[in-house]
Structures are given as structure tokens and as C-alpha cells.
Amino acid sequence: MRRVYAILVALCCAFAAALVTAGPAQAAAQTITNGTQFSDTSGNVVHAHGGGVIKVGSYYYWFGEDRNADNTFRYVDAYRSTDLKNWEFRNHVLTQSSASELGTAYIERPKVIYNASTGKFVMWMHKENGVDYSEARAAVAVSDTVDGAYTYQGSFQPLGQYMSRDITTFVDTDGTGYMVSAARENYDLQIYRLTADYTGIDGLVANPWVGGHREAPALFKRDGVYFMLTSAATGWNANQQQYATATSLAGPWTAMTNVGDSTTYNSQTAYVLPVQGTSGTSYLYMGDRWGNSFGGTVNDSRYVWLPLTFPSSTSMSMSWSPEVTIDTAAGTITGTSATYETLTARHSAKCADVPGQSLLTGVALSQYTCNGGNNQKFWFKSVGSGYYELMTRHSSLCLTENATGVTQENCATATTQQWSVTASGGYVLLKSRASGECLDVNGASTANSAALITYTCNGGTNQQWTRGT
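According to this note's numbering, the sequence shown is numbered sequentially starting from -11.
Just so you know, the hints here were simulated from the structure itself, not pulled from any lab data. It should be emphasised that the depicted structure is a prediction, and the values quoted were computed from it without experimental measurement. Built from N, CA and C at the ideal position, the CB exists for glycine as well. Warning: the hint list may mix true and false statements.
Ranges of calculated distance between the beta carbons of each label pair, as one might list FRET restraints [said to hold, decoys possible]:
1. T222 x T242: 17 to 27 Å
2. R455 x N195: 45 to 55 Å
3. Q141 x A422: 47 to 57 Å
4. A391 x D132: 52 to 62 Å
5. T242 x D190: 22 to 32 Å
6. A422 x W224: 35 to 45 Å
7. G414 x F298: 43 to 53 Å
Straight-line alpha carbon distances no greater than 30 Å define the calculated DSSO-like cross-link-like pairs of lysine-lysine that follow [to be verified]:
8. K209 x K43
9. K108 x K73
10. K43 x K73
When you get a sec, could you build the whole thing from the sequences and use the hints?
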């Protein structure tokens, strides 16, 4: 009897210990649509622009900018996730009321690192006065917990003499902390060593890109090689990003090399996140498609996340994928292959087109002279039962049937975004699942900008389309 009792006690203790030590369930692989806004687990838009990620335990914590309508600072927001898709809002960890100088300010590119010696989480960011960019200062805040309120420590120019704009942080394998920032009106990009507590600048390590006019730095280390990924400085508009490598942060660094396409898939670097799991470590490019570049504000921005690949130990490549599948347990990141096609109307020989290459939702499609633009290319993504979403290449938005026409909208599960494809004499008919009507050029017009609508299927040549690659 005593033995049975002892066994029961042991089992109860083990169960209690499991409850105390158990973390979140192991994350399953998740697929993320690129070039879109993300929503948190409460259905609200994720505002983590220009941000960075730190892993604590089983959770990834994502910090970023949450701005007012005039683009001034409102919050640094913190979210957490185990799978990098389902983000739980945790806290406004820094606010306008955190310090008097934050009442009206620009706070950009917040990055959080953990100091194992002090047990503190340290946030670095770029700070301006909220009116212009004349201050060019770095700012620091600290917290005892990763997603608690951060205590603002103030702002300054590094070593009392260098301008500091776009920044990133990096903790090396030996525990030394570093901060990288754009200096001299963004013409230089400098690497600083942090003090032992990570809250100050200990010294200038290297200034290898004098006159390079670079910003948006992301620094990471892979198999003993340091990679510095940055963009050119072209305001809110995207540009060709480049990278350099070194085996020491002090250099020598290689010359900058192009990566991605000429606009880095219409995005700018925010961070590069190593994702480590049972199958190894993969590297996730995290970029912003700034809302200001397409007529919106920072809070209208969208996210572009892509897997980085490494043809050699010192080279890096990045290709476009409309979707990315991330398995945080395995440490794998895979891009979805997609074939993009044009749709050419038989009667006019003109292409289905999103006017002005707009990235905004609600924009009505029309026909226009075929020109090879990404706003005339569509991915026929199967959704089962013989239906497809037609996702535009440039905006990642889906063709949607409306009462007055066909617009591009956020992709969802609505039947108004699902189309059947039927062959008809060498052409195809595209029929809306919701209404059963066919994609049609209004009035059989041959003019540029004639509206696309849905209309009763009638066999007209203005409802017949050629798919081309």
C-alpha cells in the first residue's frame, strides 16, 4: 500500500512539474502570404514596421513602429509567436508618455537585444524631433522583461560626434553587443561596439562604407561569416539592395553585391532572422513595403518575407515567392514557386491591367496595352474544386467580383475571388464562382482603360482570354 501511495505521489509530482515547465505546443509549419498586411490573433493589423525579432524561450518577440496618422511616433509595439504567423499582441512597450522628448518624435527601427550579464532587455532605436531629421540621434530604453514597459534612457549622437539614423543591433557569439547606424547624412554606415551593459557606445569598430549612401542595415552571422545587408537611400521608394561579407566586424569587408531584383521586390530591409530547428538554421529576410511609397502612411505598410539562400559561404541570394512556408520546429523556410501569367482579351489584344501599378485595395481593373508589367501578371492559385484565386504579381491582391466591376482586394476565402477556367476554342473563359458570370471587357471596347466587369456568359470575344507567360 505504501508503495502504491509513493507511486501516486511521484506521478502527481511529475505531472505538476510538467505543468510548470511546459511551454507552448510545438509550432506547426505555417504559410504566409507575401506583400500583405498581417493581422494579430485578435484580428487587428500588426504594426511592427522597421522592426526586429528576438527569441526568448519558445517565443519569437517582434518589435516595431506603430505611428500616428502624420507618421510621428505613437508606440513601439511588441508581439509574440511560436510559428512566425500567429502573432499575439503583448504590449505598447514604449509610448509617447514614456519620456517628455517622445511626446512629439520620430522613433524608427527599434531593435531589442538581451544582456545575459545584467538580465536586462535593451532597445536601440533612431530618434528625431518629429518635425524633421535634423537631430540624427540614437536612443536607448531598457526593461526587466521582454514585453514589459521599457524605461527610456535618453538619446544622443554616438561618441558625441556622429549622426545616427537607420540602425540595427547584433550580439556576437562571445556576448559582445554591436550597433550599426547610418551617419553623415546616410553617406556612411558605421559599426559600433556597445558597452558591457549594452546601453552605451564603447567605441567605433569600423566605417567600411564611406560615401556608400546606405541605410536600413541588417547584420547577421552564418558559419563564421558576417553578412551586412542594406538598401540605398531613396526615401520611401524601394531600391536595389546589396550585401557585403567579412570574417571580422573590423574588416576587411568585401565590395557590396546586388541581391534580389532592382527594387528588392518592392521592399526595404528591416531585419534578418535566423530560424533554428531540428533540421538546421535558415535565414528569413524581413522587409517593409512602405505605405508612403504608394500613397499611404507607415501604418499602411505591408511585409515582404523571403528565404535567403547561400550558394557559397560568402554569397547570398534571394528570389521572389508569393508565399513562404516556415517551420520553426525544423528551422526551415521554403518559398512557394509560382508561374505568373498575362490575360489578353481576344477582341482587343490588350491585357488585364491594374491601373498605375497601384498597390491599393479597391482599385478597379481595366484593359491596357500589354507591356510586361507586374501589374499585368497573375498567379492562378488553386483553391480546390476547380477554382482559382488570381493574385496580382505586383500587389499580392486578388481579383474580386463586385457589383460594378472587378477590383483588387486582400485575398480571402470569398467566392467572389474564386474563378473557374474553361477552355473555349483556344481561349479561356473565366467564370466567377459567386455569380456564374464571365470576366468581360465592358461594352466590348478596344480602348485602353476600358473597365473589366463580370457579365452573363455569352461567348463574345470580349469574354475570351489568352493566358501567356
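Evaluated hints:
The given range of 17 to 27 Å is respected by T222 and T242, whose C-beta atoms sit roughly 23 Å from each other. The hinted range of 45 to 55 Å is satisfied by R455 and N195, whose Cβ atoms lie roughly 52 Å apart. For the pair Q141 and A422, the supplied restraint of 47 to 57 Å holds, since their beta-carbon distance comes to about 55 Å. About 55 Å separates the C-beta atoms of A391 and D132, a value consistent with the hinted range of 52 to 62 Å.
In this structure the hint that T242 and D190 lie 22 to 32 Å apart at CB holds, the actual value being about 26 Å. Between A422 and W224 the Cβ separation comes to about 36 Å, which falls inside the hinted range of 35 to 45 Å. For the pair G414 and F298, the beta carbons lie near 44 Å from each other, so the given range of 43 to 53 Å is met. The suggested pairing of K209 with K43 holds, with an alpha-carbon distance near 16 Å, which does not exceed 30 Å.
Proposed proximity of K108 and K73 is supported: the alpha carbons are some 27 Å apart, at most 30 Å. For the suggested pair K43 and K73, the alpha carbons sit about 14 Å apart, so the restraint of at most 30 Å is met.
When the structure is compared with the earlier hints, no violation turns up for any of them.
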